[in-house]
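Engineer: So you can see what is in the structure, the chains are spelled out below.
2 protein chains.
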Amino acid sequence: MRALGDRRVRQTDGACFVEGIRAVCEALDAGLPFEAVLLCGERLRSTVALAAIERLRAAGVPCVDLPPSRFARLSDMDNPVGLAAIVRWAPGELADLAPPAPEDLYVVAEDLGDPGNLGTLLRTADGAGVAAVVVAGGGTDAGHRRCLRSSLGTAFRLPLVRADEPGEAIAWAGAAGVVTIGTSAHAAPSVWEAEVPEHTALAVVVGNEERGLRQETAAACDIAVRIPMLGSATSLNVAVATGIVLYELRRRRPPAAGRRP
Amino acid sequence: MRALGDRRVRQTDGACFVEGIRAVCEALDAGLPFEAVLLCGERLRSTVALAAIERLRAAGVPCVDLPPSRFARLSDMDNPVGLAAIVRWAPGELADLAPPAPEDLYVVAEDLGDPGNLGTLLRTADGAGVAAVVVAGGGTDAGHRRCLRSSLGTAFRLPLVRADEPGEAIAWAGAAGVVTIGTSAHAAPSVWEAEVPEHTALAVVVGNEERGLRQETAAACDIAVRIPMLGSATSLNVAVATGIVLYELRRRRPPAAGRRP
Numbered sequence: 524m525r526a527l528g529d530r531r532v533r534q535t536d537g538a539c540f541v542e543g544i545r546a547v548c549e550a551l552d553a554g555l556p557f558e559a560v561l562l563c564g565e566r567l568r569s570t571v572a573l574a575a576i577e578r579l580r581a582a583g584v585p586c587v588d589l590p591p592s593r594f595a596r597l598s599d600m601d602n603p604v605g606l607a608a609i610v611r612w613a614p615g616e617l618a619d620l621a622p623p624a625p626e627d628l629y630v631v632a633e634d635l636g637d638p639g640n641l642g643t644l645l646r647t648a649d650g651a652g653v654a655a656v657v658v659a660g661g662g663t664d665a666g667h668r669r670c671l672r673s674s675l676g677t678a679f680r681l682p683l684v685r686a687d688e689p690g691e692a693i694a695w696a697g698a699a700g701v702v703t704i705g706t707s708a709h710a711a712p713s714v715w716e717a718e719v720p721e722h723t724a725l726a727v728v729v730g731n732e733e734r735g736l737r738q739e740t741a742a743a744c745d746i747a748v749r750i751p752m753l754g755s756a757t758s759l760n761v762a763v764a765t766g767i768v769l770y771e772l773r774r775r776r777p778p779a780a781g782r783r784p
Numbered sequence: 524m525r526a527l528g529d530r531r532v533r534q535t536d537g538a539c540f541v542e543g544i545r546a547v548c549e550a551l552d553a554g555l556p557f558e559a560v561l562l563c564g565e566r567l568r569s570t571v572a573l574a575a576i577e578r579l580r581a582a583g584v585p586c587v588d589l590p591p592s593r594f595a596r597l598s599d600m601d602n603p604v605g606l607a608a609i610v611r612w613a614p615g616e617l618a619d620l621a622p623p624a625p626e627d628l629y630v631v632a633e634d635l636g637d638p639g640n641l642g643t644l645l646r647t648a649d650g651a652g653v654a655a656v657v658v659a660g661g662g663t664d665a666g667h668r669r670c671l672r673s674s675l676g677t678a679f680r681l682p683l684v685r686a687d688e689p690g691e692a693i694a695w696a697g698a699a700g701v702v703t704i705g706t707s708a709h710a711a712p713s714v715w716e717a718e719v720p721e722h723t724a725l726a727v728v729v730g731n732e733e734r735g736l737r738q739e740t741a742a743a744c745d746i747a748v749r750i751p752m753l754g755s756a757t758s759l760n761v762a763v764a765t766g767i768v769l770y771e772l773r774r775r776r777p778p779a780a781g782r783r784p
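Chains as they are written, first to last, in this note's numbering: chain A, 524 to 784; chain B, 524 to 784.
Excised from the complex, chain A in its bound form:
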């Protein structure tokens, strides 16, 4: 379990550590294979959680009940709810992505540093009904326990792939006919004014929390848009910025009927 704190181990093993009722239940509902459940029976009261444990136990998954002090040591929640699991899951590869449909939206998240931000971004992308998220470059990865928790388990539901080099994600978009939209504080047209092609898949490309997009990534994007900053700060949180751009694009192109609930 401790080894899964290491990004390389997560990727090589294809496994991750999930904590929290919502995230564990999403992993179960997504049909992921469970290796083990760690629980704190003394603490866990949620009927939803207890029902999930029953299902997992019936399926032969080992469920280890720990005393509160031991559970608290493996938890990184302020108030541990008493449910965690080791689950077989890792992001896929760009080659796994289905061909884009004309109204599809994508997100490429480059070099994000904070796992909580990446998780909130995934939850936001899920809300906007994106076709997939590409986690590109260095920084945190989607298998980080804090990312999985703040994604509320949407990480397990979204088509989610990684690209070690952001350039691979841009090249994939080019080859697949997906128009890339980079966010920049200096871009001329605002997200409200920017003209984007209709009936063409689009990818919103966002960068590191401090530094924004890498220069070469910004230069490689087809379109640049700016979110107007009308106060004293010069930028928004990356998940908030992604949500504003995605929902503005979604306003202009509701998802094709029947493709999503």
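You may find that some hints are simply not true.
Covered stretches of chain A, going by a simulated chain B footprint (3 or more residues, C-beta under 8 Å) [unchecked claim]:
#1 569 to 582
#2 641 to 654
#3 766 to 774
If you want the ones that stay clear, here's a sample from chain B, every Cβ over 12 Å from chain A, calculated [what the hints assert, rightly or not]:
#4 Val532
#5 Gly697
#6 Glu716
Here are some, though not all, of the chain B residues that point toward chain A, as calculated from beta-carbon distances under 10 Å [unchecked claim]:
#7 Arg566
#8 Arg568
#9 Gly652
#10 Gly676
#11 Val684
#12 Thr765
#13 Leu769
Read the hints as simulated data drawn from the structure, not as lab findings. None of the values given here were measured: they were computed from a predicted structure. Backbone N, C-alpha and C define an ideal beta-carbon position, used for all residues, glycine too.
Following the hints, complete the assembly by docking chain B onto the known chain A.
Structural biologist: Below, chain B without anything else, positioned relative to chain A:
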């Protein structure tokens, strides 16, 4: 300093504990009175931070240089940068708010539980150029150190007031002619379709991360809007949701020329 971890002490003393270079510099630029600066000279390398300390020292503010181990104990950052301060600041009262102008936007944030979320919400509200934020009800307060940090110091720049009872905020809006817009997963019109009055100040009202708005607050709002959820999750992070609604309203009503940079 430890006493400022208590919300009641912060409110009674009218002081707060700020950590991080950006937040401390914003407090300085906002002209707030400093009581003390805590720094770790061994760790602090930022020229911006060192210049700020020089300005404060010249103004007679006591600056205490701590060894890394002692600074780490008062910090709650993973990698402490080595700069913190005690600053005289607390949110104001509803009665302090200036009369609304017709194109003004406000946010009322009710019962938010997580200080990081409240800080990100403030940063977002600042970006959208709101006239003020009302922090209403229980939960966290804007003086919490994690809120101040994740707000990037915008908490010190924004007109920011508190209302112990959310009903007071709704009553203020009614009396000031501000139309309230509650966010709800069940509202009929989406944020894209909702009709809102032109040339009338508007307040976006958002609720607790888990429970959403209190029933009586939702019922008291003039308009209800829904953010379409097109994936598996049933809600967005509260700061992301606030950003999507604020920027959609701002799209329809650019800020009056000259009122904001």
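Engineer: Now look at each hint and say whether the structure bears it out.
Structural biologist: These are the hints, each one checked on the structure:
{"no.": "1", "hint": "569 to 582", "in the structure": "violated (count 0)"}
{"no.": "2", "hint": "641 to 654", "in the structure": "holds (count 9)"}
{"no.": "3", "hint": "766 to 774", "in the structure": "holds (count 6)"}
{"no.": "4", "hint": "Val532", "in the structure": "holds (20 Å)"}
{"no.": "5", "hint": "Gly697", "in the structure": "holds (26 Å)"}
{"no.": "6", "hint": "Glu716", "in the structure": "violated (10 Å)"}
{"no.": "7", "hint": "Arg566", "in the structure": "violated (18 Å)"}
{"no.": "8", "hint": "Arg568", "in the structure": "violated (15 Å)"}
{"no.": "9", "hint": "Gly652", "in the structure": "holds (3 Å)"}
{"no.": "10", "hint": "Gly676", "in the structure": "holds (8 Å)"}
{"no.": "11", "hint": "Val684", "in the structure": "violated (16 Å)"}
{"no.": "12", "hint": "Thr765", "in the structure": "holds (8 Å)"}
{"no.": "13", "hint": "Leu769", "in the structure": "holds (9 Å)"}
In this structure, the hints that do not hold are numbers 1, 6, 7, 8, 11, in rising order.
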